[in-house]
Each structure stands twice: as C-alpha cells, then as structure tokens.
Amino acid sequence: MGTPTPPGGRDGTKAVRPLGLGVSAAFLLGVVALVAIGIVSLRSIRSLVETSEWVAHTHEVLATLEAADADVTSAEASRRGYALSGAERHLDGYEIARSNIAARLDHLAVLIADNAAQQQRLGRLRTAVQVRLTALDTAIAARRTHPDPAVQTALTDEGELLMKEVRGAIDDLARGEAVLLALRERTARASAERASLVVLLGMTVAVVTLGGSALVVARQIRARLHAEEEQRESQKSVQRLNVELAHNVAELTAVNGELEAFSYSVSHDLRAPLRHINGFVDLLQRRAGPVLDDTARRHLATIAGAARQMGQLIDDLLAFSRMSRGELMRSRVRLSALVAEVRDGLAEDVRGRDVVWTVGGLPEVVGDPAMLRVVITNLLSNALKYSRTRERSEIAVGWQRGDDGQAHLWVRDNGVGFDMQYAGKLFGVFQRLHRVAEFEGTGIGLATVRRIVHRHGGRTWAEGAVNAGATIYFSLPLYEEGAA
Amino acid sequence: MNPLKRILYAEDSAADVELTLAALEEHHLANEVVVVNDGVEALDFLHRRGSFAGREPGNPAVVLLDLKMPRVDGLEVLRQVKSDPELRTIPVVIMTSSREERDLVESYRLGVNAYVVKPVDFDQFVAAVKEVGMFWAVVNEPPPENTGNR
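Here the protein sequences line up with chains A and B, keeping their order. Be aware that the first sequence starts at 1414, since it is given in this note's numbering, and climbs by one per residue. Be aware that the second sequence starts at 7, since it is given in this note's numbering, and climbs by one per residue.
Keep in mind that a hint or two might mislead.
Straight line, CA to CA, 20 Å or less: simulated EDC-like cross-link-like pairs of lysine to aspartate or glutamate [to be verified]:
id, chain 1, residue 1, chain 2, residue 2
1, B, K124, A, D1695
2, B, K74, A, E1671
3, B, K74, A, E1673
4, B, K124, A, D1682
5, B, K88, B, E147
6, B, K74, A, D1682
7, B, K136, A, D1695
Quick caveat, the hints were computed from the structure, so don't treat them as lab data.
Next up, chain B with everything else stripped away, as it sits in the complex (with noise of 0.2 Å):
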C-alpha cells in the first residue's frame, strides 16, 4: 500500500498536468500529488473505490479541481464533496481558466474553499499554483480524521 498523499488534482488536460507539477516541483510538493483525469477518478478516489479500492484510508490535505472535465465536471465533483458528511471537511480548491462569473457564483454556492483562475503568464501560474499548493497542503492544518458526522 502506498502511502497517503496531501493533494488530490484532478485536470484532464496532459499538459496542464505537467506545467502544474513543475511549478509544485519548485517547492517539492510534486511527490505529494495522486493526479486523476476526470471527476469519476476522483470521486472514486474520495470514496475508496474501483481502481483505487486498495489505498490507504483516509482524506487527502486538499483537492485541486479542474472545472471542464469529460464525464463528471469540476462543479458536479465539489457537489458530491460538500453534500457528503465523510468528505465534506476536505478543503476543496477550484482551478480553472474561466473568469465565467456563473462558475464563480455555483462554485461558491456550492462551498468551495478557495476558486483560482490559472493566469496565462507562466511565471504568474507558476506563483499561482505555488500558492495553493503551501497554503492547501502545508500551511493549513486540515481537520481531525473522522469528524465528519460532527
């Protein structure tokens, strides 16, 4: 059995996936991450199902959500998320490169924790993504285990 990882991100989009885990790599956070490709692998990740029935029990520090992913989006995975007593604590950041304000409002109506539009410039995304990475996963003590039912 693996051990647990802190950071769950889930980005359909290959590339995406290796510019944020070169800029997490600068703080040597990128070990830290189990990289799912769609919102059916992350909730069955979540919940300790299919592919991923053997891992480690327990909630990761922090999931990082892409919002256009195929099959289950962004929005419908934050939705399951928060409306679940078990996983309802696990702070939830969106990533995206919308500014779309509806997304906003949903997400937030929703109960997402934090909503970070990727900025263009790489430098700035790399600084982006930095951010989120210590805050979520290192700087931010994540609830107690099993209190989800409080």
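Chain A with its partners taken away, still in its complex shape (with noise of 0.2 Å):
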C-alpha cells in the first residue's frame, strides 16, 4: 500500500554509473602509498647494510688491536728472552714483531681514518707503543754491554708500566669502537623500525584504499553484468511475445481466409439457386399462366417474391461483412457536406411527400469517407422511411461536444418510433421492429451503421416510443486541426 519502491528494485531503473571519481583517487592513493612503502623499505635496507659493514669494520678493528697487543707482548717476551740467554736468535723474532706492529699500526690508521676521537686515541697508543719500543731497544742496547741481570730486572718493572699504558691505550680505542658501534646499530635500528611502521602504515592504507576500489569495482560489474543479464532477458521475452504475436497474426490471417471463402461461397453458391427459382417461376407462369387459377398464380408469384427478398439479404449480409472486413481509409471528413449529398441522393424517397429538414452545423470528424457516407445514408433513409405515414415528415440532424471529446450526433424523425424496451434489438443484425408489411428492409442497416462507428472507435445508442419518433445517436472522433 504505503510502501515505497527501494531504490535499485527489480523494476531495472537502477542506471550503471562509470568509474567514479571516488574510486580514482583512491586507486592513485593505494598506488602513492605503495610507492612509498618501496622508498622506506629501500632506504631502511640500506642504513641495514651499511650497519652491518661497520659491524664488520668493527670487529676488523677490534682484531688488528688485539694482534698489535700480542705483537707488543712477543717484542717484550723476545727482549727477555735474549736478556736471560743472550742468544741472537732472540732479536731476529724480536724484529719480526716490531715490523708488524708497525705495520698494525698503519692499517689501524686507515680504518679509524673517518673518526677524529678514534685518530686521538690512536695518536696514544702510538706514543706508548713507540715509548715501550724505545725502552725494550735501550734494554738490549744495555744487555749487549752490561749483561747484569739487576738491571735487567729493573728495566722489566719499568717496561710493565709502559706496558700498562699500551694496554690502556688498546681498551681506550675498542671501547670507543664499540661506543661507535652501538651507536650505529642503534641508528640502524630506529631507521628499521620506521620503516616496519611506514610500511605498516602504507600496507593498511593500500589495503583500504585498492580493497575500497576494488569493491566498488566489482560492485559495478557485477551490477552490469546484472543489468546485461536484465536485457538479455527482456529481450528475449520480447522475441517470444514476436513470436506469440507473428502466431495470433497467422491465426487472424487464416480466419479472415475462412471468412473470405465463406463469403465467396455466400455469394456465389446461394445466389445461384435463386436464381433458378426465379427463373424458373418465371418461365412456368408464362408457359401455364392461362390454365391456372388465380391461387395457384398468387402462390407463383409469393414463390418468387421470397426468392427475391432473399436475394436481397444475402446481398445486405455481404455489404455488411464488406464493411467488417475492408480497410478503413482515415481522412478528414465535412459532415455537413456529407449529409447535404446524401440527401440529395434520397431525392427519389421524397417526392410527393412534405418533409422538413432540419440541418444544424456539423464537426468535421476523421472516418472512412465511403462508411460514413453508407452510416449518413442508412440513418437519414429510416428515418424517411419510418416517418413516411406522417403528413408531414420532420427530420432532424444536430450534434454536441460529449465529455468523451468525441462528436456525438444525432438524427431525429417523427414517425413511428419504437418501445425503448426493445432498444436493445435495434442494431443487432436480421433484427426487425416493424412487420415488413408495414416497413420493407432486411434488419442490416443499423447493424451496419452500428459496425463502421465501432470501426471508428465511437458508440451507438438510441431513445425513442412508439408512435412518437425515434432519435439515433452516434459518435465519431473530431477533427483536430494540426492532428490527423
């Protein structure tokens, strides 16, 4: 009752709508937000690779530190060595170790070479080492020329002090590496938790965004491919109704065959038949007219007159299925032009009789020209007819605008009307109000008139009592001008 249609329902209005804008800028965000995510992560496994080189770098360092110490203990270990024996060959590895720390040192120097604290604290370690060199090169200077053992002794306290100091001097430079270090690692794992959280960030917004698209994408599809579906099937309950339809024309086709052949065989197969009773009569009145009585004439004579008005019904009938059948001819139609030929065509019906026309102005009306003028014909020669036992005959044609927009007209006579009880009858076919002693005719004519305004899409009807006239109302649609 109240309830409204929901939007989109099964009556298919619902219109499929191209991409939105909407659904651009979201596309284009999900694809911003990938792109970034593929910056961060770059960028993030970048500051990890290099950290992992300084960790490398680091423990390189860290190494050369602690071969430079055991290089330093091996040149202490050498000096005592030759101080107890006195042996050369205790120099010779004494020498080897010197080289290398030297050589320790240099390397050192290029890989501390970018930290300025580090050079400071490599400085250091450099004085300490050359100092404990400086003491263990006098120690064998002094073992050469003075082999007391006191001073030896002496110069062992003394070079555990220096000794002390390159240590100190090594743990200054490790412990500032590892600082440095830890410091890296430190930046290394910030810049990867930034990228986890961008790329976190960025995963979520092109999930939204590219799942949002993607939705609203198959959502129009599906509501296409839905709406194809929609017209696939319209279209074929279409070709079915051609189909229904190219079969009820078929049908119609053969039933207006049949008709056709019934027609054709009405008017050929019983004319003929007639024809020979009439002839026939004919020719047995002239051949024993002189020996028959007068019954026997009447009887010949009613013989014929039968045959006759028979021939005349079968004729009516066939005029009647004409108008049934025949193409309407649509055209503006001069309804007052119309009535005035028409009565003049009856002009033979009137003579030696008083009949007063009354001719209101007529529409003009869209019709069959040639079924109009049989309606006009038909209607002002009944109510001649019927009118004919007056002194004077008075007929009447007018017409008004009825609410239906169509004309309604009317012809008027003041003969011998009918019983409005057998209203009904008047335009049936073969139907009669009047004995055709009274009134001759077949009963087609208002049928007739009644068919070809059905055929106009008007209506027929009627008013009259008996002895006091009859009034025959019919409607036809006006002529519109600009219209038909």
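Two independent chains are provided; combine them into the complex using the hints.
What follows is the structure in structure tokens.
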C-alpha cells in the first residue's frame, strides 16, 4: 500500500554509472602508498646493510688491536729471552714483532680515518708503543754492554708500567669502537622500526584504498552484468512476444481467409439457386399461366417474391461483411457536406412527400468517407421510411461535443418510433421491430451503422417511443487541426 | 460436319443453361449456341480436339464463361485463351453469380472483354443475357479469321 519502491529495485531502472572520481582517487592513493613503502624499505635496507658493514669494520679494528697487543707482548718476550740467554736468535723475533707492530698501527690508521676521536686515541697508542719499543731497544743495547741481571730486572719492572700504558690505549680504542658500533646499531634499528611503521601504515592504506576500489569496481561490474542479463532477458521475452504475435497474426489471417471463402461461397453458391427459382417460376408463369387459377398464380408470385427477398438479404449481408472487413481509409470528413450530398441522393424517396429537414452546422470528423456515407445514407433513409405515414415528416440532424471529447451526432424523426424495451435489438443483424408488410427492409441497416461506428472508435445508442419518433445517436472522433 | 455456331457457352449448371437458352430464344439466338459443361470441354472445342476434333474450323464470335466449373474453371480458360496467339482475339464474356471484387480484378487483368453478374431477378436476367448475346454475336464485328499472329 504505502510501501515505497526500494531504490534500485526489480524495475531495473538503476543506471550503471561509470567509474567515479572517488574510485580513481582511491586507486591513486593506493599506488602512492605502495611507492612510499618501496622507497622507505629501500632506504631502511641500505641503512641495515651499512650497519652490518660497520659491525664488520669494528670487528676488524678490534682484531687488529688484539694483534698489535700480541705483537707488543711478543716483542717483550723476545727481549726477555735475549736478556736471559744472550742468544741472537731472540733478536730476530724481536725485529719481526717490531715491524708487525708498525704495520698494524698503519692499518688501524686507515680503518679509523673517519673518526677524529679514535684518531686521537690512536695517537696515544702510537706514543705508548713507541715509548715501549724505545725502552725495549734500550734494554737490548744495555744487555749487550752490561749483562747484569739486576739492570734487566729493573728494566722489566719499568717495562710493565709502559706495557700497562699500551694496554690502556688499546682498551680505549676498543671501547671507542664499541660505542660507535652501539650508536650505529641504534640508528639502524630506529630506521628499521621507522620502515616497519611506514610499511605497516602504507600497507594498511593500500589495502583499504585498493580493496575499497576493488569492491566498488566489483559491485559495478556485478551491476553491469546484472543489467546485461536483464537486457538479455527482456530481449528474450520480446522475441517470445514477437513469436506469439506472429502466431496470432497467422491465425487471424487464416480466420480472415476462411471468412472470405465463406462470403465468396455465400455470394456465389446461394445466389445461383435463387436465380434458378426465380427463372423457373417465371418460365412456369409464361407457359402455364393461362391454365392456372388465381390461387396457383398467387402461389407462384409468393415464391418469386420470397426468392427476391432472400437475394436482397444475401446482398445486404455481403455488404455488411464488406463493411466489417474492408480497411479503414481515415481522412478529414466534412459531415455537413456529406449529409447534403446524401439528401440529394434521396430525392427520389422524398418525391410527393412533405418533408421538413432541420440540419444544424455539423462538425468535421476523422473517418473513412465511403463508410461514413453508408452510415448517413442508412440513417436518413430510415428516418424517411419510418416517418412516411406522417402528413409531414420532420427530420433533424444535429450534434454536440460529448464528455469523451468525441462528436455526438443524432438523427431524429417524427415517425412511428419504437418501444424502448426493444432498444437493445435495434442495432442487431436482421433484427426488425416492424413487420415487412409495414416497412420493407432486411434489418441490416442499423447493424451496419453500428459496425462502422464501432470501427471508428465510436458508440451508437437510440431513444424513442411508440408513435413518438426515434432519435439515433452515434459518436465519431472529431477532426482536430494539425492532429490528423 | 455441323456448321460453325457463333456462341460457345461453358456452364456446368443445367438450370443455368436452360434459363440462358430460354432468354436467348427470345431473340432466336438459341440455335447459335454450343453448350459445354466445363473448362476442359471448352478448351477442347476451341482447339478442335477430343470430342470436337471433327468440328468445322474457325473461331466462335464470342465465348460465354461461367467462373465456377469443375476440372478447369472459367479464369483458367480465360487465361489460356488470352495467352494463345490463335485464340486471343476471340471476345470472352464472364457470366457469373458472384460480385466478388477479386474475380473481377483477376478477369480484367487476364484480358476479359466483358464481365456480367447474372441478376437474381429473372426479368433482369433475361434482359442481361439478351443484351450480351445480341451485342457480341450480332452487333459486334468479330475479328477477321487467322489474324491471331499479327
């Protein structure tokens, strides 16, 4: 009752929109997010790779420091060996350790060239090592000249102090390197965390936007597919209807053909025997007329009259059938002119009678001129026929515009009229309200009028009373300027 | 051999034949009529074959044709006559009970010379038949013989 139609309901009126601006923007946003993820990830990866390089670097520095420590220790051991034994071979080891130490320190200088604080610490190490080595050199030289164990012991004690200084410098460097490494690791971790955050955020944005767009696109594709399906369905039903229509047309054509065959056979086969009856009655009258009595001759006349009447019935029926089947040739018809022409054509019926015509201004209508002429002729000749018992026949034709927009026309006479009780029979085929002896005719005139008026989309009706005249009404579509 | 008669009348209804002959009798034309009962016989007569193989040569002055006949109907006879160079100059009159428009149209399309709807009323019928018989068999000048090939 009051339920509104749901939007986009089964009526199929929901239009399939093109991809909207919003979907395009969402697509763009998703792509931007993906690109951002890529860039941040790349940077983070580079940072991590750098950090791992730095870890290796630190380890190398630490290893070199350890090696230098070992070399210094080895040099010390060689000097001590020489001091105890005086064997020159200990001096060879000493020399090797010395040159190794120099190489290690140079290598360290290269490794930490980027950091000023470490360089400073390296300087301290260099000095400590130099002092230590110089002390060792002095001790070796003293052994050569004074192989006194006491001197050597004193040198050894002093050497331990110097050695402590060297170790301290090495530890300093190692600590510095460890601090640097920790710093770099922190930076790398922060960068990685930032990257994770960006990737997570970017992924979310990308998933939301691209997923949303995908949903929207999918829905639109579904809607489009649905619309296409509906279109196919409606095309199918149109085709089905067409087939049915063609079938109905074929049936109608067949029925029409049968009707035509029927009327053809009525026209031909029924008229021939009537002609024979008439002809042979006539021949009989000629040949046997003189020997027949009055009653026999009257019988022959009755037979001939009946055959003629039947011939008239057949002709009227065929004419009625033609009016029903013939194609309507619609055009503009001036009823005033048509009524005047038909009146002229009825001059023979009016001869010797007192007839008063009252014809008002009549409208222009749309219809088949030939068929409307039959309507007017039938109605006017009926009016003349049924009013001929009056001293003065009064026949009026008029019209008014009906509620349905059509012209409502009427033909009125002051004739014998009819009983309204039988008004329904008035327009039936072969229905008569008077005896043939009173008024000749086959009872097809008003049936033809009704058939023609109906084919024009109009109606017929009648009013009357016994001995008080009759009014026949009929409606026709008005001619509108520019419409027909 | 019988002398050539002026009217060939093709009609399958014995009653119609009798009425028509009665009408023609009033103008003493009945003896000028050869009656055949269908289209086959009519064509046999015109082509001098079958039971008419021995008839005197020459064409009738007019052919009266009923439309509805068994075997070969009037329209077919008309079509064959009007498409035959030897026969097409013979005047052909259709005499029928029907006023059907399509018969009328087809007959004139095939080249009929006259089309008569037989009236139901006998007086009118007699008048129509007499006029047709008189005009085509007496008043009208038939085409010269053997000019079909012009």
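Hints and how they fare:
1. As the CA atoms of K124 of chain B and D1695 of chain A are separated by approximately 16 Å, the hinted pair is consistent with the 20 Å bound.
2. For the given pair, K74 of chain B sits about 18 Å from E1671 of chain A by alpha-carbon distance, which is consistent with the 20 Å threshold.
3. For the given pair, K74 of chain B sits about 16 Å from E1673 of chain A by alpha-carbon distance, which is consistent with the 20 Å threshold.
4. A distance of roughly 12 Å separates the Cα atoms of K124 of chain B and D1682 of chain A; the hinted pair therefore holds under the 20 Å criterion.
5. Distance check on the hinted pair: K88 of chain B and E147 of chain B sit about 19 Å apart at the alpha-carbon level, within 20 Å; holds.
6. For a cut-off of 20 Å, the pair hint linking K74 of chain B to D1682 of chain A stands: about 9 Å separates their Cα positions.
7. Simply put, K136 of chain B and D1695 of chain A have alpha-carbon atoms about 16 Å apart, close enough for the 20 Å limit, and the pair holds.
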